[in-house]
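A.B. asks: Sequence:
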Amino acid sequence: HNVLVDKGQPGREIDASSLGEHVMVAAGRADRTDALPYTITAPAPPSENLNIGDFTTKISGFDTPLTSEPIRTKNLANAASKITGTIVAPGATFDLTQVVSPIDSEHGYFMAGVINNGVHTLGMGGGLSQMATTSYNAAYFAGYQILAHRQHSVWFPRYPAGRESTIYSGQINMVFKNDTPYAAIMNAYIDGNNLHVDIWSTPYYRVETEAT
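For the sequence shown, this note's numbering gives the first residue as 880, with consecutive numbering after it.
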């Protein structure tokens, strides 16, 4: 694998103490403009504090099969692009809703199939529950502490029985905690007919599971 570190771009912080004065100046001009007062700030977090040395091994990976609905797959590809590169520091949490939001058309999502109280219907970002299930299992096999998840109201055979999760903005979420001494980096992608979520870090837990 290749981890590319982006040094980041400087930020700009508005000088609130003098902003009012500049607004008054702008109000007195014919074109109603004036330069905003700001200072240049360093990128945050600094690239040297990203624990790159911890990303030695794919400690877990999970994949689930896609459906034949292309719009649903577009939503998953969009969410995967937002998840990829997310760093979960030691002791930090990964909040799926926070990472993939805002879930609206302005941010690359489409209406697609969802389940609402057991009823198949359409909803913005339909299909993201598959990302919840796939990332849940990746976290499960990494040994991380699962803080929030909820199974679908209807089980799909493409998911492991008892090891699946859904997502619904504001109500149902998938959250895990990196309770190891090592930072982790997420990688989500579509390959062939499957959605993948991999977690790269330094091995810490050994996870075994079985089903009757």
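Hint data in this document are derived by calculation from the structure and do not stem from the laboratory.
Warning: the hint list may mix true and false statements.
Quick list of in silico lysine-lysine cross-link-like pairs, DSSO-like style, CA-CA up to 30 Å [as the list claims (entries may be wrong)]:
no., residue 1, residue 2
1, Lys953, Lys937
2, Lys1056, Lys961
3, Lys937, Lys961
4, Lys953, Lys1056
5, Lys1056, Lys937
A.B. asks: If a hint holds in the structure, say so; if it doesn't, say that too.
C.D. replies: These are the hints, each one checked on the structure:
1. Lys953 x Lys937: Given pair Lys953, Lys937 holds - Cα atoms ~25 Å apart, limit 30 Å.
2. Lys1056 x Lys961: Given that 30 Å is the threshold and the Cα spacing comes to 19 Å, the pair holds.
3. Lys937 x Lys961: Roughly 19 Å between the alpha carbons, so the hint for Lys937 and Lys961 holds.
4. Lys953 x Lys1056: holds (28 Å)
5. Lys1056 x Lys937: holds (17 Å)
Consistency note: the structure conflicts with none of the earlier hints.
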